[in-house]
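Note that UniProt numbering has the sequence shown beginning at 1, numbered continuously upward.
Please keep in mind that the hints were generated in silico from the structure rather than gathered at the bench.
Every residue gets a Cβ at the ideal spot worked out from N, C-alpha and C, and that includes glycine.
Treat the hints with caution; some may be incorrect.
Think about it this way: if two alpha-carbon atoms lie no more than 30 Å apart in a straight line, the pair counts; the simulated DSSO-like pairs of lysine-lysine are [claimed, not checked]:
id	residue 1	residue 2
1	316	69
2	258	314
3	258	69
4	258	317
5	316	233
6	316	65
7	316	254
8	65	233
9	314	254
10	254	65
11	69	233
12	206	233
13	65	258
14	233	317
15	317	254
Derived CB-CB ranges, DEER-like [unchecked claim]:
id	residue 1	residue 2	range
16	6	150	44 to 54 Å
17	75	98	27 to 37 Å
18	186	71	41 to 51 Å
19	194	98	42 to 52 Å
20	14	98	17 to 27 Å
21	14	100	38 to 48 Å
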Amino acid sequence: MSNLAHWLIRFNSLFDRAMFFLVPSAIYIGYLFWPYLEQGRIWVYFMFAYMTFVGALNCSRQQFKALLKAPGLFIAALALVHLFIPLLAFICGSFFFPDDPLTVAGMIIASTLPVAITAAIWTYISGGNNLFVLALVVIDTLLSPIILPITTYTVFGTFGILPLDRLIQDMLLMVVVPSVLGVLLHPYRTWSPQGPTQATLNIFTKLFLLLVVAINVAILHEFFVMTWAEIGKLLTALAVLVILAYLSGYLLGKMVGKSFGDVIALTYTGGMRNIALGVVLSVGYFDPAVSIPIVFLSLIQQPIATIAHSIIQKIKKSN
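My request is simple: use the sequences and hints to build the entire structure.
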């Protein structure tokens with residue numbers, strides 16, 4: 001293996017670890033350089049389609065077959081993500097923001113987003129059933145053009161009518177088509193998942209994620225007028241929600257999982273959401289006040305995932 005190949009693999013690994021502080025940095029850069037970044041709005045859709053494609057490219061048909069052989073675990077995961085945790089978001093949001101329905105709505109939308117590909121990464125790092133999570137991520141993403149419009153229609157029925165036809169069209173272009181192409185092209189992938197080619201694809205995925213966040217923050221810059229007390233309150237509410245989501249996933253895994261690997265998989269399934277998709281859709285379709293909780297959720301997910309990893313390792317050692 002060449003020096004360049006070693007460097008690419010190492011850089012991708014360092015990039016993964018650095019996301020802890022790079023996402024907050026992207027938010028700050030988006031706010032600081034908004035006159036330049038907001039002009040890149042049209043590129044957000046292409047960057048997100050690329051991220052979806054690369055994620056699906058790692059998922060084989062055999063993984064889908066394995067998922068269908070364990071329908072109970074799959075159905076439990078979907079019920080957790082799209083029914084129970086949104087209910088938690090409503091309760092948590094109503095407790096912290098009883099007089100701010102748009103912020104509550106933003107928390108609900110954020111909680112019902114598809115499971116993020118980072119859930120599979122953290123599951124793998126923690127020694128869980130990451131193949132199940134990879135297949136779940138792709139299927140959940142494919143279902144999002146159905147699930148998200150239903151959620152938005154339910155939540156925003158009192159705030160006006162959303163252009164659901166345009167929303168579904170955008171979801172098809174950003175999510176469904178790239179996902180299907182990725183799965184279909186998987187058998188023709190000739191490189192190793194741990195090799196330099198995959199590392200290069202993953203580097204651009206993370207770079208595009210940061211750009212998507214920065215560009216959408218730039219578009220929302222005039223609405224980010226919050227006091228430190230308001231920011232602290234919102235971050236506290238989101239942290240409570242994410243912690244409850246992780247705990248719910250863990251407890252559900254203990255009930256329906258066949259192994260501790262399944263428990264780990266459902267733990268991260270409960271806690272990790274596709275924030276990039278949420279930011280893109282919220283900026284394009286919802287009131288700006290709805291977008292802010294979704295953007296700020298990106299500050300919470302990775303730190304709590306790190307804490308969850310540490311706790312899981314301690315549980316594994318104790319067993």
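Practice task
Sort out whether residue 254 lies within 30 Å of residue 314, counting only the CA atoms.
Solution key: The given pair, whose Cα atoms are some 16 Å apart, holds under the 30 Å limit.
Handout entry: Restraint check for residue 258 with residue 69, where alpha carbons must lie at most 30 Å apart
Key = 13 Å, holds
Practice task
Determine whether the Cβ-Cβ distance between residue 186 and residue 71 falls within the hinted range of 41 to 51 Å.
Solution key: Given about 22 Å between the Cβ atoms, the range is violated.
Exercise for the section: Using the Cβ atoms, figure out if residue 75 sits within 27 to 37 Å of residue 98. Expected result: 34 Å, holds
Problem - Distance restraint evaluation - residue 14, residue 98, Cβ atoms, bounds 17 to 27 Å - result: 43 Å, violated
Exercise for the section: Measure nothing beyond the straight line between the CA atoms of residue 69 and residue 233; if it is 30 Å or shorter, mark the hint as holding. Expected result: Not OK: residue 69 and residue 233 at ~43 Å, beyond 30 Å, violated.
Practice task
Measure nothing beyond the straight line between the CA atoms of residue 233 and residue 317; if it is 30 Å or shorter, mark the hint as holding.
Solution key: 35 Å, violated
Problem - Given pair status - residue 233, residue 206, alpha carbons within 30 Å - result: It holds: about 28 Å lies between the C-alpha atoms, which stays within 30 Å.
Practice task
State, for the Cβ atoms of residue 14 and residue 100, whether the hinted interval 38 to 48 Å holds or is violated.
Solution key: Check passed, 39 Å falls within 38 to 48 Å.
Exercise for the section: Return holds or violated for the Cβ distance of residue 6 and residue 150 against the range 44 to 54 Å. Expected result: 47 Å, holds
Practice task
Could you grab the alpha-carbon distance between residue 254 and residue 65 and see if it respects the 30 Å cut-off?
Solution key: OK: residue 254 and residue 65 at ~23 Å, within 30 Å.
Problem - Hint consistency between residue 65 and residue 258 [alpha-carbon to alpha-carbon, up to 30 Å] - result: 17 Å, holds
When each numbered hint is compared with the structure, violations occur for hints 5, 8, 11, 14, 18, 20.
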